[in-house]
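S.K.: So the chains spell out like this:
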Amino acid sequence: MSTTYPGVDVPDPKLQKATRLGLVVDQNRCVGCWSCSVACKEEQNVPIGMYWLRVLTVGGDAMDVPAGTFPDLKMAYQPTQCFQCDNPPCVKACPTQATYKMDNGIVNVNYERCIGCRYCMVACPYDNRVFNWRKPVQEPPASVTVVGETPPRFKGVVEKCTFCVQRVTKGLLPRCVIACPAGARSFGDLDDPDSTVSVLLRDRSSYVVFPERGTEPSLHYLLPTGPNVTGGAL
Amino acid sequence: MSVASTESTLTAPARGSRGLTVWTIVLVALILLGFGVWIYQIAKGLQITNMRDNVIWGLYIISFMFFVGLSAGGLIIASAGRLFGVERFAPIVRLAVVEATVTIATAALLIIPDLGHVQHIYNLVIHAHWLSPMIWDLTVILIYLVLSLLYCWLYMRRDLAARGSWLALGTKDTGQAGRDRDHHLTYVLAWIALPAAVLVHSITAWIFGLQISRGFWYSAIMPPLFISSALVSGLALVTILAFIVRRSGRISFGDDLGSFLGGLLAVFLAVEAFLVLCEVLAGYYPGIPTDAVHQLFTGRYAPGFAVEIIVGLVIPFILLAVAAWRRRPQVVVVACVLALIGIFVHRANLIVIGLGKAPIQLAPGTPLGTPQSDGSSFATTSVYFPSIWEFLIVIGIVALAALVFTLAARHLPLRERP
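Protein chains in written order, with the working numbering: chain H, 1 to 234; chain C, 1 to 418.
Please keep in mind that the hints were generated in silico from the structure rather than gathered at the bench. Just so you know, not all the hints are guaranteed correct.
[Claimed, not checked] Not close to chain C: a few residues of chain H, all C-beta gaps over 10 Å, as computed:
id, residue
1, VAL10
2, PRO13
3, LYS14
4, LYS17
5, ILE48
6, LEU73
7, PRO95
8, GLU112
9, TYR119
10, TYR126
11, ASP127
12, GLU139
13, SER206
14, VAL208
15, PRO211
16, THR215
[Stated by the list, open to error] A few chain H residues that don't get close to chain C, going by computed Cβ distances all over 10 Å:
id, residue
17, PRO6
18, ASP103
19, GLU216
[What the hints assert, rightly or not] Just some of the chain H residues that point at chain C, by a computed CB distance under 7 Å:
id, residue
20, VAL8
21, CYS94
22, GLY116
23, ARG204
24, TYR207
Ideal Cβ positions, reconstructed from N, Cα and C, are used throughout, including at glycine.
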């Protein structure tokens with residue numbers, strides 16, 4: 001007997017009907033393994049040297065290094081990708097409408113329109129956008145990529161996490177959500193009170209990064225608890 | 001003296017022609033070199049610059065701001081002088097208007113090498129996004145450029161017609177009645193040009209000052225600060241150019257005008273210093289250690305701020321505040337050069353510190369966008385100094401501006417009729 005999971009094996013129509021897609025990351029569960037980032041690179045064929053998703057260490061001054069001295073050590077991980085803001089400063093800044101907000105809340109980039117002025121990167125308070133400083137070096141090359149179905153990028157255009165828009169529009173979950181071995185990631189419609197993400201945000205204490213800037217991020221973090229974690233946000 | 005020789009002195013001055021030839025050849029060489037490097041940059045991508053994912057803008061945008069400022073300052077001085085009846089400006093008004101025209105065109109050109117995918121540039125027109133301050137700025141720059149050209153033409157068309165130059169664009173009448181009418185028209189145009197010049201630099205300031213993402217920039221004082229920087233740098237450049245062009249005999253004015261311009265620059269420097277103080281104190285007083293303002297006093301960019309204040313504001317102010325000193329043209333020119341350096345460094349500080357100090361980016365695990373020399377993609381510090389290629393492209397564009405200005409100063413009737 002085989003089990004099927006909506007969004008993984010079969011399309012989940014709720015994702016297709018969503019009006020504000022959101023991601024909830026549980027910092028209690030994240031182990032800092034970068035599986036989400038690797039899955040993202042594979043799915044989106046992100047060029048070498050660039051990351052749509054990175055796992056920041058909240059603690060010491062290097063990756064995977066805690067703050068403090070033994071035995072009083074503190075550390076947490078903060079996986080960071082485009083926060084898909086409800087009030088996105090990048091969309092306002094873009095002079096050519098290359099960055100735009102979709103009906104399901106995803107902020108997407110049209111590479112054919114991008115002139116590479118990088119004003120969106122200036123406007124983003126989270127530095128979650130990356131730029132093709134050189135001709136994108138992709139492995140495998142973009143021409144043989146069959147998994148991702150991501151449009152080709154050019155030298156000199158900006159790119160970023162799209163919540164795997166090519167999967168979500170088919171009712172499938174983003175690859176980072178499926179890849180997480182610790183089950184730290186939940187994805188769904190923030191406007192639907194019964195969705196997993198809405199329930200988590202009701203039941204647990206959570207935060208968004210820089211709420212005072214009014215960008216209304218769609219990526220929420222569940223606060224880490226326990227003796228050896230820091231307060232959470234960077 | 002025959003009529004023919006009078007005509008020739010009007011149209012083809014022979015003075016200083018050898019130096020001029022060398023100067024022209026050097027400029028053309030620099031322009032070609034800069035253009036070649038730009039082609040190389042298109043082929044290799046912006047990786048040949050030292051900009052990366054954490055210092056996203058660099059020398060191109062710094063120079064862009066600087067040249068918009070030079071232009072706005074020049075036109076504000078020219079049109080304010082005309083509007084408020086400062087007749088002492090009359091000998092240099094045409095020069096100031098030509099300077100404003102050349103520098104705004106240069107500023108527009110400086111955006112081009114900053115674009116990563118310049119092949120898509122037509123999208124700025126067909127998909128213009130009117131919420132973006134960058135579109136406001138491009139629009140106002142184009143309008144302002146047309147306005148400056150119109151201003152130049154109005155000032156000089158009767159003299160051009162008298163020479164029979166095609167640049168008169170159809171104007172035939174060289175009579176006094178027509179000149180009087182043009183003189184009135186320049187007054188009307190000054191009413192439009194003054195607010196346009198203020199607007200062009202305010203909107204450039206809003207490109208930065210409206211971004212809530214950068215605490216160092218998100219400040220209501222940005223447009224006034226940009227305008228005061230423009231007044232300092234614009235007046236300084238016009239003064240330097242006026243003394244240079246006077247040596248060639250194409251314009252003439254007494255040293256008292258130089259002294260007056262120097263005194264005016266001292267006032268502008270004081271206003272600039274006041275606004276910088278307002279900005280820095282508001283950031284410093286709350287004592288938040290992560291605020292970018294602290295980078296002005298400690299760390300890598302502290303020497304830059306020291307140059308901005310001491311070389312760019314204090315020394316030129318002292319040189320110009322003493323009436324006996326500012327009567328000497330050499331002192332005024334030195335003070336103007338120092339003020340120009342100070343304003344350039346001020347703008348560089350604004351960009352590099354504003355971008356280099358974003359709260360989230362320095363966490364361990366932050367990539368820069370290209371593999372680093374140690375094989376990793378990550379860095380926890382962000383430093384920026386322009387690469388040689390960035391310098392060569394900017395020098396090429398500035399050389400083009402210098403060449404156009406040289407030709408204009410040589411061939412246009414810059415001398416105001418008495």
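S.K.: If a hint holds in the structure, say so; if it does not, say that too.
M.R.: To see whether the hints hold, each was checked on the structure:
1. The claim that VAL10 (chain H) is not at the interface with chain C holds, since no C-beta of that chain comes within 10 Å of its own (minimum 35 Å).
2. With 10 Å as the threshold on Cβ separation, the claim that PRO13 (chain H) sits away from chain C holds: the shortest Cβ distance comes to roughly 33 Å.
3. Even its closest Cβ contact with chain C, about 31 Å, leaves LYS14 (chain H) beyond 10 Å, as expected for a residue assigned away from the interface.
4. Look at LYS17 (chain H): its CB is around 29 Å from the nearest CB on chain C, clear of 10 Å, so calling it non-interface holds up.
5. Some Cβ of chain C comes within 10 Å of the Cβ of ILE48 (chain H); the nearest lies about 7 Å off, and the non-interface call is violated.
6. Annotated as non-interface, LEU73 (chain H) keeps its C-beta farther than 10 Å from every C-beta of chain C; the closest such distance is 15 Å.
7. For PRO95 (chain H), the shortest C-beta to C-beta distance to chain C comes to about 4 Å, within the 10 Å cut-off, and the non-interface label is violated.
8. Annotated as non-interface, GLU112 (chain H) brings its C-beta within 10 Å of a C-beta of chain C; the closest such distance is 7 Å.
9. Consistency note on TYR119 (chain H): stated as away from chain C, yet its beta-carbon is not over 10 Å from all of that chain's, at 5 Å minimum.
10. The beta carbon of TYR126 (chain H) is not kept farther than 10 Å from every beta carbon of chain C, the shortest such distance being approximately 5 Å.
11. Some Cβ of chain C comes within 10 Å of the Cβ of ASP127 (chain H); the nearest lies about 4 Å off, and the non-interface call is violated.
12. For GLU139 (chain H), the non-interface assignment is confirmed: its Cβ lies about 13 Å from the closest Cβ of chain C, beyond the 10 Å cut-off.
13. Against the 10 Å criterion, SER206 (chain H) stays outside the reach of chain C, whose nearest CB is about 18 Å from its own CB.
14. Even its closest Cβ contact with chain C, about 12 Å, leaves VAL208 (chain H) beyond 10 Å, as expected for a residue assigned away from the interface.
15. Against chain C, the non-interface label of PRO211 (chain H) holds: every CB pair exceeds 10 Å, the least being about 12 Å.
16. Residue placement check: THR215 (chain H) does not keep its beta carbon more than 10 Å from all beta carbons of chain C (closest about 8 Å).
17. With a minimum CB-CB distance of about 32 Å to chain C, PRO6 (chain H) clears the 10 Å threshold, and the non-interface call stands.
18. With a minimum CB-CB distance of about 18 Å to chain C, ASP103 (chain H) clears the 10 Å threshold, and the non-interface call stands.
19. Non-interface call for GLU216 (chain H) relative to chain C: holds, since the shortest CB-CB distance, roughly 12 Å, exceeds 10 Å.
20. Taking 7 Å as the C-beta cut-off, the interface hint given for VAL8 (chain H) is violated, the closest approach to chain C being about 27 Å.
21. With a cut of 7 Å, the hint placing CYS94 (chain H) at the interface with chain C holds, because the nearest CB-to-CB distance is about 6 Å.
22. Because the closest C-beta pair between GLY116 (chain H) and chain C is about 2 Å apart, less than 7 Å, the hint holds.
23. For ARG204 (chain H), the suggested interface contact is broken, since its CB lies about 23 Å from the closest CB of chain C, more than 7 Å.
24. With a least beta-carbon distance of about 14 Å to chain C, the hint placing TYR207 (chain H) at the interface is violated under the 7 Å criterion.
Comparing the model with each earlier hint shows violations of hints 5, 7, 8, 9, 10, 11, 16, 20, 23, 24; every other hint is respected.
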